[in-house]
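Spelled out from the first residue to the last, the chains are:
Number of protein chains: 2
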Amino acid sequence: MQPDRRTVLAASAAFAAPTAAPTAAMAAAPPQVTKTLAHYLVTSRPGDIPTKVRREACRSLLNWTGVAVGGSRHVSVAHMLAALSPFSGKPEANLLGRREKLDILNASLINGASSHIFDYDDTHLKTIIHPAGPVASAILALSQHQKVSGADFLHALHLGIETECRIGNAVWPSHYEMGWHITGTCGVFGSAAACGRLLGLSEQQMVWAIGNAASQPVGLKVQFGSMTKSFHAGRAAQNGLTAALLAAQNYTSDNAALEGKDGWAQALSHGANWSEVTDGLGTRFEAALNTYKPFACGIVTHPAIDAAIQLRNENKLKPGDIAAIELIANPLVLKLTGKAEPKTGLEGKFSITHCIAAGLVAGAAGERQFQDAVVRDPVMIALRRKVTVHVDPKVGAAQCNLLVKLKDGRSLSRHIEHAIGSQEKPLSDAALEAKFSDLAEGILAKDQARRVMDMCWGIEKAADAGGLAAAAST
Amino acid sequence: MQPDRRTVLAASAAFAAPTAAPTAAMAAAPPQVTKTLAHYLVTSRPGDIPTKVRREACRSLLNWTGVAVGGSRHVSVAHMLAALSPFSGKPEANLLGRREKLDILNASLINGASSHIFDYDDTHLKTIIHPAGPVASAILALSQHQKVSGADFLHALHLGIETECRIGNAVWPSHYEMGWHITGTCGVFGSAAACGRLLGLSEQQMVWAIGNAASQPVGLKVQFGSMTKSFHAGRAAQNGLTAALLAAQNYTSDNAALEGKDGWAQALSHGANWSEVTDGLGTRFEAALNTYKPFACGIVTHPAIDAAIQLRNENKLKPGDIAAIELIANPLVLKLTGKAEPKTGLEGKFSITHCIAAGLVAGAAGERQFQDAVVRDPVMIALRRKVTVHVDPKVGAAQCNLLVKLKDGRSLSRHIEHAIGSQEKPLSDAALEAKFSDLAEGILAKDQARRVMDMCWGIEKAADAGGLAAAAST
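So the protein lines, in turn, are chains A and B.
The first sequence begins at 1 in our numbering and counts up one residue at a time.
The second sequence begins at 1001 in our numbering and counts up one residue at a time.
Okay, chain A solo, but in the shape it has when bound:
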């Protein structure tokens, strides 16, 4: 009369949950993570956020708008549009950098994906979350469905970024090591929180929005190198917006979806440090730690590119002046970007020698310097071949020494302690604008790009934040 093990398990599991839910809620009672977070999200006031932190949100918005416009003509966006636009609803929301309009759910998906295509978006360095994409894509689309003031928009953007980065901190590093692409998995919470705020959710509804979002994580690292990588950022935006819209209609989820038994952290991490979520809400601002990539390639190449650009500009170097180049760097640099003879633009991003050559020749390493034609340019090929890379584990990954030997016998060298774009040496507003202009070139007219940047800087004063989306479309 003994059933087989599977049958017992099946019966047990099929029934475990309804009894498990209250138990989980009780076990998790002390931290009450989901509820504490929801309470903060619905009670925070725009004026509670310090000026400096609000300014960082403007910088995040400007950077996001630039990368979304820049990515908008990528073939993967065209594929998404072909697949999904036949099913789009009312065309209320603009696609940045494009002429099409879609319903707000589809627009949040495509703008979010577009902004992550070049891997050139903002970075919360503690978690490697790219925070703006999942949040801004969702709330900008939502702002084209209902009128949202610029002040509320910026506040929601801040709250969304704060939410995803705090949850990311709580499960870092085990969550990332398991294989999750943290921008998508935590981004869905940022989107739900920000959209929920703009929808005026009650605390209970915000708990439900976070809970429904918890059931929809997006993104595995295995996808890096495929189109689905940037899909993660957009789908996170769309899922979070969906969760908030459902919660606004009293669609329920568990009250402890983050911390409860059989909840998000149990399934997606090896344990969470919940104080990262619940401590210092309103006084400690993760969103203030956002950084912006100056170069359209991985962070490990940035010290060398920074050094190359500095030496080029200070010495007015020309490719023909250079006899040899030596880089002393952390071993990761060769491990991750050791491609000696890149053939395509994408391969160029994984070639430290190409990155250095770009810095020396163009004084830049934007998307332009990673076009196929640039990688195949004989001047670049020749210069790349003059680079020798020495690795030394004593050199930190954020540092390097670059030595440039000139044909006239001189030797120039530069030590980088913190590369441009790091938290210690943040990108200036002017550099952010230069990056935006570079990304928008050929898509937005110069005066249009200027207008969009001004709108980002002045978003808090805008009567209707959704106007930004129309302004950044073509």
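Everything labelled a hint here was simulated from the structure, so no lab data went into it.
Please read all numbers here as calculations on a predicted model, not as lab measurements.
Just so it is clear, CB atoms sit at the ideal spot from N, CA and C, and this is done for glycine as well.
There's no promise every hint is true.
[Claimed, not checked] So the derived list for chain B, only partly shown, Cβ under 7 angstroms to chain A, looks like this: (1) Cys1058; (2) His1079; (3) Ala1083; (4) Phe1087; (5) Pro1091; (6) Glu1100; (7) Asp1103; (8) Gly1179; (9) Val1218; (10) Lys1221; (11) Met1227; (12) Ser1253; (13) Gly1263; (14) Gln1266; (15) His1270; (16) Ile1328.
[Unchecked claim] EDC-like mimics (lysine to aspartate or glutamate), calculated; alpha carbons at most 16 angstroms apart, straight line: (17) Lys90/A / Glu1092/B; (18) Lys1316/B / Asp1447/B; (19) Lys1090/B / Glu92/A; (20) Lys147/A / Asp464/A; (21) Lys52/A / Asp429/A; (22) Lys1147/B / Asp1392/B.
Following the hints, put chain B in place on chain A, whose structure we already have.
Using the frame of chain A, we list chain B on its own:
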């Protein structure tokens, strides 16, 4: 010059993936799970599936249609509609049991959720996956966008169910134990596979569809007891359909998303037995193992209900005849359904005494017997109080002994070795029809319900499978 640990990790992780992808593909080269599965999915022919297995797909379809119609008037469906219909696209697809039409992506979500609301859908007992919901909801909606023959429809339904159950087998039980709601997390693959087949994907595109689906798992067990539980089944349908639509436009994902480093199984399980996916494709049919619940409550109560109904029917018992009832059952029965004094219909599902009373009084335990009014009926209350439950670990969870002592002194007893609805004692076609009729009552007219059931039985001969959706709407 040592950076802090976080910086190194950040730099490392930001770069790990592009180099990791090829490595992962190499490491996973021997099984080539994703590719092997995709190859089968695009080369299988309808005629390759044995008649008996195709018949099981018809039974799955009929059962799914019934539960979707039955759930369609639940308040959670109304909430979803209120939240999402403002953003729906072209109203091509019917909502079962309702009058509204939505775009196919939204319809797949809502029909899928509707079919899981009563937890009364089909069950693949090895994994506790409810297989039909995520697959049928997606392909039926898709069949209203493009013309799909009934034969192709049934074949796709079979392939989808086969796919999700095989992947579920591969990661069972660790995947479930981590906290995942396996119907949503594996269901997305079933939907992607079935929709991909109907969209005529190439093998490479099918690999991409499976891969994109892998990035969109849905569902945590923490949600059991909330509306988000049934959301999982619908969102899995919608995500799989999305993945297939994207793949049809050559939207790429990794070629080894299931088995690769930082892939699905790594993140969502403690190791996969890939032979469960790749062995015996086309000769071993998991889809043939589908079962259908005869009673609208958890499996652990089914032996006792089965015994109660048998004794009632054979002896024409009336509640007034009964003096006492004793059940000898597995300890799980009291652990999971030990609620002695249920006050609501939902609580009644977790009360073994109510379940037995329902069997004895009504000869049934459908949704009707779990309405609040029935649970509060004095006749039911009185009968419940006559039940004593004895637990014995030597009694299997699939078995029981039920003893009914009558006021006239007689004692009736029944041993159940395999309850009705188990694999050993499957629900008959007639019982499936009775279940359907019960669920459809008050929603579809009797002749309409008859017509829909006939369409399910005869789906293979239908010229246009999408007609089923229109026929089952109001």
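Right, here's what the structure says about each hint:
1. Cys1058: violated (24 angstroms)
2. His1079: Holds. Min distance 4 angstroms.
3. Ala1083: Status holds, d = 4 angstroms.
4. Phe1087: holds (4 angstroms)
5. Pro1091: violated (10 angstroms)
6. Glu1100: Status violated, d = 14 angstroms.
7. Asp1103: Hint holds; Asp1103/B Cβ to chain A Cβ min 4 angstroms, cut 7 angstroms.
8. Gly1179: holds (4 angstroms)
9. Val1218: Holds: closest Cβ of chain A sits about 6 angstroms from Val1218/B, inside 7 angstroms.
10. Lys1221: It holds, given that the least Cβ distance between Lys1221/B and chain A is near 4 angstroms, below 7 angstroms.
11. Met1227: holds (5 angstroms)
12. Ser1253: holds (4 angstroms)
13. Gly1263: holds (4 angstroms)
14. Gln1266: holds (5 angstroms)
15. His1270: Check failed: Cβ of His1270/B comes no nearer than 11 angstroms to chain A, outside 7 angstroms.
16. Ile1328: violated (10 angstroms)
17. Lys90/A / Glu1092/B: Holds, at about 15 angstroms.
18. Lys1316/B / Asp1447/B: violated (30 angstroms)
19. Lys1090/B / Glu92/A: With Cα atoms ~15 angstroms apart, Lys1090/B and Glu92/A stay inside 16 angstroms; holds.
20. Lys147/A / Asp464/A: holds (6 angstroms)
21. Lys52/A / Asp429/A: This hinted pair holds, its Cα atoms lying about 13 angstroms apart.
22. Lys1147/B / Asp1392/B: Roughly 55 angstroms between the alpha carbons, so the hint for Lys1147/B and Asp1392/B is violated.
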